[in-house]
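**Student:** Could you build the full structure based on these sequences and the hints that come with them?
Chains A and B, in that order, give the protein sequences.
Here numbering that gives the first Met the number 0 is used: the first residue of the first sequence is 0, the next is one more, and so on.
Here numbering that gives the first Met the number 0 is used: the first residue of the second sequence is 0, the next is one more, and so on.
Honestly, the hints are just simulated from the structure, not real lab data.
Heads up, none of these hints are tricks.
Listed next, the in silico BS3-like pairs over lysine-lysine satisfying Cα-Cα at most 27 Å (straight line):
(1) 105(A) with 190(B)
(2) 190(B) with 133(B)
(3) 92(A) with 108(A)
(4) 190(B) with 92(A)
(5) 92(A) with 105(A)
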Amino acid sequence: MTALVIENLEKVYTDTYTGDEVVAIGDVSFGVEQGEFVSVLGPSGCGKTTVLNTVAGFVRPTSGTVSVDGREVGAPGPDRGVVFQGHALFPWKTVLGNVVFGLRMKGVKRREREERGREYLELVGLAGFENRYPHELSGGMRQRLGVARVLANEPAVMLMDEPFASIDAQTRRRLQEDLTRIFEERRPTVFFVTHDIDEAVFLSDRVVVLSQRPSTVQEIVTVDLPRPRSWRTAVDDPGFRETVARINGLLAVDADRGQESGDRGPGDDGGGTDAG
Amino acid sequence: MVPLTGNTGTGHDGTGRSDGTARASGAARTVRRPAPLHRRVRLRLTRSPAFRTLGPFVPVVALWWALAESGLFPQSFFVGPDRVVLEFLDLIRKGVLPGYLGDSLERLAYGVGFGLLIGLPMGFLTAMFWRLRKAVWPILLFFQAIADIAWLPIVIVWFGFSLTAVTFVIVYTIVFPLMLSVVAGVEQVPKELIRAARSLGAGRVRVFFEVILPGALPSVATGVRTGLGYGWRALVAAEIIVGTSGIGFMMFDARRVGDVSQVFLGMVVLGVLWYMLDALVLAPFERATVERWGMVRSMEGDG
Chain A
0 MTALVIENLE KVYTDTYTGD EVVAIGDVSF GVEQGEFVSV LGPSGCGKTT VLNTVAGFVR
60 PTSGTVSVDG REVGAPGPDR GVVFQGHALF PWKTVLGNVV FGLRMKGVKR REREERGREY
120 LELVGLAGFE NRYPHELSGG MRQRLGVARV LANEPAVMLM DEPFASIDAQ TRRRLQEDLT
180 RIFEERRPTV FFVTHDIDEA VFLSDRVVVL SQRPSTVQEI VTVDLPRPRS WRTAVDDPGF
240 RETVARINGL LAVDADRGQE SGDRGPGDDG GGTDAG
Chain B
0 MVPLTGNTGT GHDGTGRSDG TARASGAART VRRPAPLHRR VRLRLTRSPA FRTLGPFVPV
60 VALWWALAES GLFPQSFFVG PDRVVLEFLD LIRKGVLPGY LGDSLERLAY GVGFGLLIGL
120 PMGFLTAMFW RLRKAVWPIL LFFQAIADIA WLPIVIVWFG FSLTAVTFVI VYTIVFPLML
180 SVVAGVEQVP KELIRAARSL GAGRVRVFFE VILPGALPSV ATGVRTGLGY GWRALVAAEI
240 IVGTSGIGFM MFDARRVGDV SQVFLGMVVL GVLWYMLDAL VLAPFERATV ERWGMVRSME
300 GDG
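**Tutor:** This is the structure we're talking about:
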């Protein structure tokens, strides 16, 4: 079953100062199957975060539709939980308070939601930190909490917006391995935005490669890497390296083409959530 | 307390999968030795709350006393702390000071109470509704510019020399800075937090109570603090002009009869009261909320 369908998505921004129109997303269509991990990859400023923000309901598309579980998406909702690059945890809530936030909004009873909250904290390796506040956690732990907060809500799709981009390289690897383990255990549907090719290939079942702005789907690459995955085996896997090289090639060709056709306007994802 | 021996550096960074391996191995290389006695004594002393509260005043009072004793100024102009303490005991015994203090605090309580009651909701309304803000903002700035004391003449015409007049002035001084800081606080709430709450299933009302209200708290707390400070000053000013009782009245009345020590006493009382209000109400509130949550850096902590 297809959990998320994006059809002919287009987004045009009007520059409020000059009045110029900037086409952020040209024409993007693809789907994410239930229990599938799909990454969206593209050069910076290609509008991939805008695609995510549209799916999340933060940004309205100019044309085209996004549907989740067969229903068209409008405003943000609990069926599409978001893990943000800047973690966006509630600083005034404890770790447990953050995890159960969604369940509380749903009206789940205290005992049940705390039980489920603890279960998800355990899953992401944060058991024992229930009563800490987010500022007392390390960057990696904050992102784990961000993931737990979304998963505890059991959304139809988990949207992840470059969640590991502002984390140091070693911790990032560990987080990627943990995310893979969690994915393999629970099989949530994941829509993951990144600019890191290795990360996209390592985590995903399929990688959607976007072109430069105005973005279109350049190619969808299927990753044939056996699960369970770990970095130690992945780096030696010829299939992994081949896929990385192929995507690298796709992006390089696109970058050359982009340079020939000149500058296409301000190089920002436009959604405003890029800053970490 | 001062950790003397043992490794207390394991802190909160040890996840099972240890995001903090680098730091842990760094700490293992540091050998801990007990600090020498004089340093321990100094640390113990400088960290005690009484020392931290009263310590900074010791040189100030000493200087004051020395200046008074030096005979540089005549006694009718400048009195030492000893005279002020005697005056304090005398006025307590006569019951004048407690009575005046009670009057002042009652006025302040009324003024602050109404000020918060009006300022907070108005601030949040202005902050939340974009159209309202556009309409109200210039008016806010206009009225903020009219000093509280500048209202006294007309307020006395309207309300006479009454509690209402004083309350009006205090409310006036509190409301505008409070509203401005509430608006600033709401604007400071990161957009991502609101988005996060929305995509976790919070509706607009829940977003307000769960995200915007606590998110604006650091700025609101600052606003309450400044508002109270302004109100406190306005109270004394109003009492000097309108008053028939109160600390401000006491000081001005004492000046009339040439009792400098009472004037000094009044000034000390004002300072001490504000300090107590801060130490007993404002600071604990901030420690329990915005500092606990790491939303502002605490003044005493290591951040």
